[in-house]
Amino acid sequence: MKRNVFIASLTLIAAFLILSGGTAFCADAKLLRMATTTSTDDTGLLDYLKPYFVKETGIDIQWVATGTGKALKLGENCDADVLLVHAPDAEKKFVADGFGLNRNVVMYNDFVLIGPASDPAGVKGKSVKECLSVISGKNIKFVSRGDKSGTHQAEQALWKASGLSVPDKEVWYVQAGQGMLTTIQIAAEQNGYTLTDRGTYIKYEDTMKGNPPLKILVEGDDLLKNIYSVIVVNPAKCPNVKSDLAKAFSDWMSRPSTQNLITGFKLSGKQLFFVSAK
Amino acid sequence: MNFIIDGLLQAIQLLIHGDAETYSAVYATIRVSVYSMTVSLLIGIPVGFLMGHHDFLWKKHIRTITDTLMSLPTVLVGLLVYAFLTTRGPLGEYGLLFTLEGIAIGQAILALPIVIALTASAVESMDDNLKITLVSLGASRRQVLYSTLWEARYGILAASMNAFGRVLTEVGIAMMVGGNIKWHTRTITTAIALETNKGEFVTGVALGIVLMAIAFIVNFSLSFLRNRS
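Sequence order for the protein chains is A and B.
Just so you know, the first sequence maps onto residues -6 to 271 in my numbering.
Just so you know, the second sequence maps onto residues 379 to 607 in my numbering.
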């Protein structure tokens, strides 16, 4: 009896292994692997675009959503065919170092500085430079991504552009080391300020049913532009990457019909990404 | 607080309405843990048994090492396995990165020390008189071995359950090696991490409840089998 149960379970496991195996090992020739930033996935943009891409090009696409820093690293290690990222300086270095080709600017939105509705620092409507000076001067809590993501790199550049050194060990400077939405939530819990891309903020507003504790206080400054580009991983460095599929994706993102789709992508009636006029 | 209760309700909804994304994550989780548990049990039980049953040089030191490996951090295992499986790594040519099989390799590494160490402990902690009694009753060496194995079965079951618990709930390896790709390598734990990052706390709690339900079913079936025997 016991023996029968034992043999029956072994047979079941064996059958399961045989049935479920085999699917994974045949690498699909028409499968494009992309490494991208969290904001394109968290907002739902990629889920929205994918069916159009698959239908129009016949290419299947899978993506890993992570910070831009790690996405570039995955490209360097040949673990992705194409990248959709938003850290222009790091991207230019990536291309200059020979890891990527055809950096193609496909869309943008902007960063916004958000903080408690009561605005204890009194920065509403000021310029970014003034705002950061006030925050560091008055030691007001500021939550940073702290994870080398595109937003983190943009934030570091803003401190420098404001003539300040990038804070590190200061008690008012909180380095979360997490994704954008988690960072916003930490800022909300601690009544602090943070820098976010507008798309993720709209998503946050949406989950908070339109009444978030943190409001946009500084926006529209030229320094706050957030540019997204597609980069094809260089086949000279990575012979196994499907650069033809990657190129097809890059071209598809620039097509007028796709750019219309991106413009039409809305959350709570608000447009999240704007296409770059070339 | 509300999101915990909402999560419970949503968990029931997800399961009853057959939410495709949830079931895809459930299927991925089950597949990957079956792979990793099969490998770690097939290797771990014999090794652990021999380690507990026999005395040999350096035994104490080797036991200390396996005991230490039980506390391997999952993120480190994920990183190490990634280093091997990445296209530029030594095993890159097999294309295992961002696949369930890749995750299973990492999880088997995680589970193996647990199975070995706990199986060895279970065998060691058995009454010494068992062997003496068996031998005095005229049992052959092989019969002694089989009887010891049979007597240690509950200890070995406990070792397996412990390893299963670790494999089922880990998120570091699945995230790093699997990449959390929707419909492919998104397991329940990486889905929870993602939903939490997205601020969808209710869905996170709901998925957590689904995971606990799987653990409960497995434990319940095993204790049912155990009570019958």
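Treat the hints as calculated values from the structure; they're not laboratory data.
Keep in mind that this is a model prediction, so the values were computed, not measured.
One or more hints might be untrue.
As the list claims (entries may be wrong) - Short, incomplete list of chain A residues facing chain B, as computed with Cβ under 10 Å:
{"hint": "1", "residue": "T31"}
{"hint": "2", "residue": "D34"}
{"hint": "3", "residue": "G62"}
{"hint": "4", "residue": "Y197"}
{"hint": "5", "residue": "V234"}
{"hint": "6", "residue": "S236"}
{"hint": "7", "residue": "K240"}
Stated by the list, open to error - Listed below are the simulated DMTMM-like cross-link pairs for lysine to aspartate or glutamate, each with C-alpha atoms no more than 25 Å apart in a straight line:
{"hint": "8", "chain 1": "A", "residue 1": "K63", "chain 2": "A", "residue 2": "E49"}
{"hint": "9", "chain 1": "A", "residue 1": "K66", "chain 2": "A", "residue 2": "D112"}
{"hint": "10", "chain 1": "A", "residue 1": "K208", "chain 2": "B", "residue 2": "E471"}
{"hint": "11", "chain 1": "A", "residue 1": "K43", "chain 2": "A", "residue 2": "D237"}
{"hint": "12", "chain 1": "B", "residue 1": "K560", "chain 2": "A", "residue 2": "E163"}
{"hint": "13", "chain 1": "B", "residue 1": "K437", "chain 2": "B", "residue 2": "E479"}
{"hint": "14", "chain 1": "A", "residue 1": "K208", "chain 2": "B", "residue 2": "E399"}
{"hint": "15", "chain 1": "A", "residue 1": "K86", "chain 2": "A", "residue 2": "E198"}
{"hint": "16", "chain 1": "A", "residue 1": "K202", "chain 2": "B", "residue 2": "D397"}
{"hint": "17", "chain 1": "A", "residue 1": "K66", "chain 2": "B", "residue 2": "D506"}
{"hint": "18", "chain 1": "B", "residue 1": "K560", "chain 2": "A", "residue 2": "D40"}
{"hint": "19", "chain 1": "A", "residue 1": "K202", "chain 2": "B", "residue 2": "E479"}
{"hint": "20", "chain 1": "B", "residue 1": "K560", "chain 2": "A", "residue 2": "D244"}
{"hint": "21", "chain 1": "A", "residue 1": "K259", "chain 2": "B", "residue 2": "E399"}
{"hint": "22", "chain 1": "A", "residue 1": "K63", "chain 2": "B", "residue 2": "D506"}
{"hint": "23", "chain 1": "B", "residue 1": "K560", "chain 2": "A", "residue 2": "E69"}
{"hint": "24", "chain 1": "A", "residue 1": "K141", "chain 2": "B", "residue 2": "E578"}
{"hint": "25", "chain 1": "A", "residue 1": "K48", "chain 2": "B", "residue 2": "E471"}
{"hint": "26", "chain 1": "A", "residue 1": "K122", "chain 2": "A", "residue 2": "E163"}
{"hint": "27", "chain 1": "A", "residue 1": "K66", "chain 2": "B", "residue 2": "E479"}
{"hint": "28", "chain 1": "A", "residue 1": "K259", "chain 2": "B", "residue 2": "E578"}
{"hint": "29", "chain 1": "A", "residue 1": "K141", "chain 2": "B", "residue 2": "E471"}
{"hint": "30", "chain 1": "A", "residue 1": "K43", "chain 2": "B", "residue 2": "D506"}
{"hint": "31", "chain 1": "A", "residue 1": "K43", "chain 2": "B", "residue 2": "E399"}
{"hint": "32", "chain 1": "A", "residue 1": "K208", "chain 2": "A", "residue 2": "E198"}
{"hint": "33", "chain 1": "B", "residue 1": "K560", "chain 2": "A", "residue 2": "E49"}
{"hint": "34", "chain 1": "A", "residue 1": "K63", "chain 2": "B", "residue 2": "E573"}
{"hint": "35", "chain 1": "B", "residue 1": "K560", "chain 2": "A", "residue 2": "D53"}
{"hint": "36", "chain 1": "A", "residue 1": "K202", "chain 2": "B", "residue 2": "E573"}
{"hint": "37", "chain 1": "A", "residue 1": "K48", "chain 2": "B", "residue 2": "E479"}
{"hint": "38", "chain 1": "A", "residue 1": "K48", "chain 2": "A", "residue 2": "D244"}
{"hint": "39", "chain 1": "A", "residue 1": "K263", "chain 2": "B", "residue 2": "E578"}
All C-beta atoms in this analysis are idealised placements derived from N, C-alpha and C, irrespective of residue type, glycine included.
>> Need the status of pair A:K43, B:D506: alpha-carbon distance at most 25 Å?
In response: Between A:K43 and B:D506 the Cα gap is close to 64 Å, so the pair fails against 25 Å, i.e. violated.
> How about A:G62: closest beta carbon in chain B under 10 Å, or not?
Replying inline: It is violated, given that the least Cβ distance between A:G62 and chain B is near 14 Å, above 10 Å.
> Against chain B, is A:Y197 within 10 Å by beta-carbon distance?
Replying inline: holds, 6 Å
>> Can you confirm whether the C-alpha distance between A:K43 and B:E399 stays at or below 25 Å?
In response: Holds, at roughly 16 Å.
>> Between the alpha carbons of B:K560 and A:E49, is the straight-line distance 25 Å or under?
In response: holds, 21 Å
>> Can you confirm whether the C-alpha distance between A:K66 and A:D112 stays at or below 25 Å?
In response: violated, 38 Å
> Between A:K66 and B:D506, does the CA-CA distance stay at or below 25 Å?
Replying inline: It is violated: about 56 Å lies between the C-alpha atoms, which goes past 25 Å.
> Against chain B, is A:K240 within 10 Å by beta-carbon distance?
Replying inline: violated, 19 Å
>> Given the hinted pair A:K122 and A:E163, is their Cα-Cα distance within 25 Å?
In response: Cα-Cα ~19 Å, so holds.
>> Holds or violated: A:K208 and B:E399, Cα atoms, limit 25 Å.
In response: violated, 33 Å
> Are the Cα atoms of A:K202 and B:E479 separated by 25 Å or less?
Replying inline: violated, 40 Å
> Can the hint on A:T31 be confirmed by a CB-to-CB distance to chain B that is less than 10 Å?
Replying inline: holds, 7 Å
Of the numbered hints given earlier, the model fails hints 3, 6, 7, 8, 9, 10, 12, 13, 14, 15, 17, 19, 22, 25, 29, 30, 37; all others are met.
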